[in-house]
Structures are given as structure tokens and as C-alpha cells.
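The numbers in the sequence shown follow UniProt numbering, run straight up by one, and end at 305.
By construction, these hints were calculated from the structure, which means they are not laboratory data. The C-beta atom is built at its ideal place from N, Cα and C for all residues, glycine as well. Treat the hints with care, as some may be off.
[Unchecked claim] What follows is a list of derived Cβ distance ranges for each label pair:
| id | residue 1 | residue 2 | range |
| --- | --- | --- | --- |
| 1 | V137 | P194 | 12 to 22 Å |
| 2 | G215 | E237 | 18 to 28 Å |
| 3 | R24 | G199 | 43 to 53 Å |
| 4 | D54 | E227 | 45 to 55 Å |
| 5 | H15 | Q82 | 43 to 53 Å |
| 6 | P61 | G152 | 30 to 40 Å |
| 7 | R126 | E41 | 10 to 20 Å |
| 8 | P61 | G215 | 21 to 31 Å |
| 9 | L19 | E300 | 53 to 63 Å |
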Amino acid sequence: MNPFTTPLITPTEYHNATLTPQSRRIIPLAAYRPTLHASFESYHLPGSKFFPLDQITTPSPYPTMLPTPSHFAAGMSALGIQKSDILVIYDAEEIGTYHAPRLAFMCELFGHRHVHVLNNLRAYVRLGLPVGDGEVVVGDVGRGEGGGEGGGYIVDEGEVDTQRVIEFEEVRDVVLRGREQDGKRARILDARIPGRFRGVQAEMDPALRSGHMPGAVNVPLARLLNEQEGSILSPGELKRVLVDAGALEDGDGKVEYILTCNSGVTAAALDLALRLVGAKGTRRVYDGSWMEWTRRVGDELIEVS
1 MNPFTTPLIT PTEYHNATLT PQSRRIIPLA AYRPTLHASF ESYHLPGSKF FPLDQITTPS
61 PYPTMLPTPS HFAAGMSALG IQKSDILVIY DAEEIGTYHA PRLAFMCELF GHRHVHVLNN
121 LRAYVRLGLP VGDGEVVVGD VGRGEGGGEG GGYIVDEGEV DTQRVIEFEE VRDVVLRGRE
181 QDGKRARILD ARIPGRFRGV QAEMDPALRS GHMPGAVNVP LARLLNEQEG SILSPGELKR
241 VLVDAGALED GDGKVEYILT CNSGVTAAAL DLALRLVGAK GTRRVYDGSW MEWTRRVGDE
301 LIEVS
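Please take these sequences and the hints and turn them into a complete structure.
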């Protein structure tokens, strides 16, 4: 039995669940990157495993692309994670909320059934709940396509929810044909900061163009978060943000939300926000996001405002 009933859980809910025996293991899974190593050494959930996002990815001209199913399985096996485990995914205390929704999205994409995001470690620490500190050991899972140590975690082809992602060619077709076709509407939501979305702030790589896809709506990640703790807003607050941005369609369900950002990471926070507010329709993350779009399209498919 899973003690958690929602995709986003509070620190108190997590802590209380760890105090009572559970029929399934609860695994605190940190969304790890080397730049956050010191932060995780200062604060992490006791018993954490550290998922190396920079290792478990597909080599590509575009950063942080999703891994293959077998590479993901190899990483989970190397971490000793089982498919029956309840995963509680969290970000480093210093960044609030950023990578955790992406890692949760990845786990669900590859068929893991019990996945939750902690909202968040910063709030957990503020409440004075038990933390681990000291050395953080992150194994090298490599980039192999095998089943990891012992091959204990396997992703079957039929378990991969391919409809939760969308590729460049499909996004381009949506932009070219307009918002509606065959009775279904498309809505492109972009989680990047406003300056880059509008094209008035340069990309980190000055050779890349800034701006946005025609018809896209800007919903910056920061607007989904509490300013003090960087935690995700309540469903009611999220709905107001999305409505004010013009991001939500009506409730007939005939809408496809295409979620994008800089490199496919914070787009997953939009996916989670739409899920929390009960938005009807389909939700698909554009993995290549702006780093792919700006490299592959002509100027006519980049708007500035």
C-alpha cells in the first residue's frame, strides 16, 4: 500500500510515513548534479539515493536529453531501486524546486508507478525534521545499455508512455498548422524566464537566438513557486497563475498541452502544475525544447516581443 495519494507531498506527510511500517519501501531519491554536491552534503533526507542526472542521459547536441529505457533501467538497478519502491524525489535545499519534477516525470515515463515529489527539502529543513549530512556517495552508473548491477530493474517496451513526450517534427507541425486541427487544440506553454522568452535577454551561448515559438504562452517556473521556500504553490494558487497567463484551455479535454523550456527540465514543472490543477487534455513535454528549436528552425519560426 502507498501512504501517499497525491503526486506532490509535504515534508510532514513524508516524515510521518517514515515513522510507521510500510508494505513497500519508501526511497528518498535526490535529483543529483555535481554542482549541488556540497548542498546535498549539508542536507539530505536520511537513507537517500542520489540519481545522477548528468550521467543518465542521452548524448546529444542538446543538453539533458532523456535516456533510453535500458539506460534508465541500468541506472535504477545500479542504485538498488526496485519497481515496487515508492519514490520520493527531491531537490537540493539551495535551489528549492528545479530538477525534481523532471526526475519524477522521467520515472513515470518509464513506467514506475509510485512516484512523488517532496515539496520541498528547504521546507523540510525549516521544520526541523531529521536530515542526513556528511559524505554523499554517488556511484558511476556509466552510459551502458545493460541492466545495471544484477539487472534487477527492467523497463519493458510497453511500459514506456511515449505519448508524454513530443519530438521536434511534431512541434514544428503544430506551429505551422496553427492552434487547431481535427477538432483538437494545441497550447504551447514555455517555462523560461520572461527576458529570454521575449527575446530581449541573450542566451548563455551568444550564438543562439532568443525568443519563443509562435503562439507560445510564457509561464515562468518562478511563478509556480513560493518566493520564500521555492516550493510549489497550492492547486488554487497554481490555477490562478495559469489562468492569468492565459495558459489554461476550457474543460472539454480537446486540448494538447505542449510543454517546453530551455532544455526540457522545467517543462516538467508545468506538467506537474497542470496535473495538480486537474487540467483536462493531454500533456506532452518537448524534450529538446529551446536548445533544439533555436538551432533547427528559421527566423520565421522564432518570435520576439
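* Which hints, by number, does the structure contradict? -> 1, 4 and 5
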